[in-house]
Amino acid sequence: MLIVEDQDVMRRTLVEYVQSAYPDAAIMEAADGARALELCRSSRPRLVLMDVALSDANGIELTAQIRAMLPETEVIIVSQHAVAAYVERAHVAGAFAYITKDKVYRELLPTVSRALGRGPSGGGHGDPQ
Amino acid sequence: MPITVFIADDHPVMHEGLTHLLHAHEDIRVVGVAANGRDAVRQISQLHPNVVIADIAMPEMNGIEATRQIREWSPETRVVILSMHSTPDYIFDALEAGARGYLLKENAASEIVNAVRAVHAGERYHCKKIADVLAEQVARRSSPNPLDNLSKREREILQLVVEGHSSVEIAGKLSLSPKTVDTYRSRLMHKLQINDVPGLVKFAIQHGLTTLD
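So the sequence lines, in the order shown, correspond to chains A and B.
Counting from 1, position 123 in the first sequence corresponds to residue 123 in our numbering; the numbering is continuous, with no gaps.
Counting from 1, position 205 in the second sequence corresponds to residue 205 in our numbering; the numbering is continuous, with no gaps.
It is worth saying that the hints were derived from the structure and are not from the lab.
None of these values were measured; they are calculated from a predicted model.
Note that CB positions come from ideal geometry on N, CA and C, so glycine has one too.
Do not take every clue at face value.
[To be verified] Below are the SDA-like pairs computed for lysine to any residue, each with C-alpha atoms no more than 25 angstroms apart in a straight line: (1) B/179 with B/196; (2) A/103 with B/43; (3) B/128 with A/35; (4) B/191 with B/176; (5) A/103 with B/12; (6) B/128 with B/179; (7) B/105 with A/31; (8) B/129 with A/32; (9) B/129 with A/58.
[Said to hold, decoys possible] Some chain B residues near chain A, calculated using beta-carbon distances under 8 angstroms: (10) 10; (11) 18; (12) 21.
[What the hints assert, rightly or not] To give an idea of the interface, some chain B residues facing chain A are shown, with a C-beta separation under 10 angstroms as derived from the structure: (13) 13; (14) 17; (15) 84.
Build out the structure end to end from the sequences listed, making use of the hints.
Set out below in structure tokens:
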């Protein structure tokens, strides 16, 4: 699994959150688009969690590149805001789903589970809200 | 007494991430969180935390307006802005509103603890990228130094003139002819748009080339 997120606190927290639900998963991290593509090429992740606004790339355009390169890899967009045009473009780019950061604790793990075709094996945090 | 911290950010993932980071340090305790500026101000006016970590982009009331109101309702509380924005407008608005620190979300994990401790101790704390933006703005705002328009030789002659040396004396010191010294002297006065020696002396004092001694 690969988590692409430029904000380090957000990235670390997402990694810990997903890792607690999938303790056996190998989770890689990328803070920008270049590193994300590098890791996709070298490690071919099954699933990518993708931020939209990256310092060197647009996460939706990156999604299209990753899907073209690795058709088996699913991409879940984890975005700051639910802009309708972005959601539409994300689906055209081949994203599996589009969720917003304020709904991560409610929607991320069920979406990851659907994308991987299996549920979490660990305890998970649950929704703190 | 631990440093009490309040977190204002519209993303629960940030609440958890920051709380987790800060709780690893015994001298810091997170006392509350809010997902919008209005709720943050309401809680902070009652809790009076030592430090607030506030995002700028929040619903209902943004972090800059919240900072202004926090300064009003809880003047002892120090605000650190934690934002994804590094443009001068955001930074100036935040500092004018009363923020004591400014960090970028891209590298907050490594700096947030230091920032909390620093602003609590009465210092300002900005991450390197923000400090660079501020320095760049200061450099741009400063008026250009007229001395930069003068050549090295012109600056030498300017100094000797304002120190009271005649063209003949200067020519002797610099191994030039008096006529050449006069040419340099006219050129530098033209460049500085100064017509007489008293004007040159005043200019030289203002720009630190010479003193009144």
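For each hint, the structure was consulted:
no. : hint             : result
1   : B/179 with B/196 : holds, 18 angstroms
2   : A/103 with B/43  : holds, 23 angstroms
3   : B/128 with A/35  : holds, 23 angstroms
4   : B/191 with B/176 : holds, 21 angstroms
5   : A/103 with B/12  : holds, 8 angstroms
6   : B/128 with B/179 : violated, 52 angstroms
7   : B/105 with A/31  : holds, 11 angstroms
8   : B/129 with A/32  : holds, 17 angstroms
9   : B/129 with A/58  : holds, 22 angstroms
10  : 10               : holds, 6 angstroms
11  : 18               : holds, 6 angstroms
12  : 21               : holds, 7 angstroms
13  : 13               : holds, 5 angstroms
14  : 17               : holds, 3 angstroms
15  : 84               : holds, 7 angstroms
Going down the numbered hints, you'll see the structure goes against just number 6.
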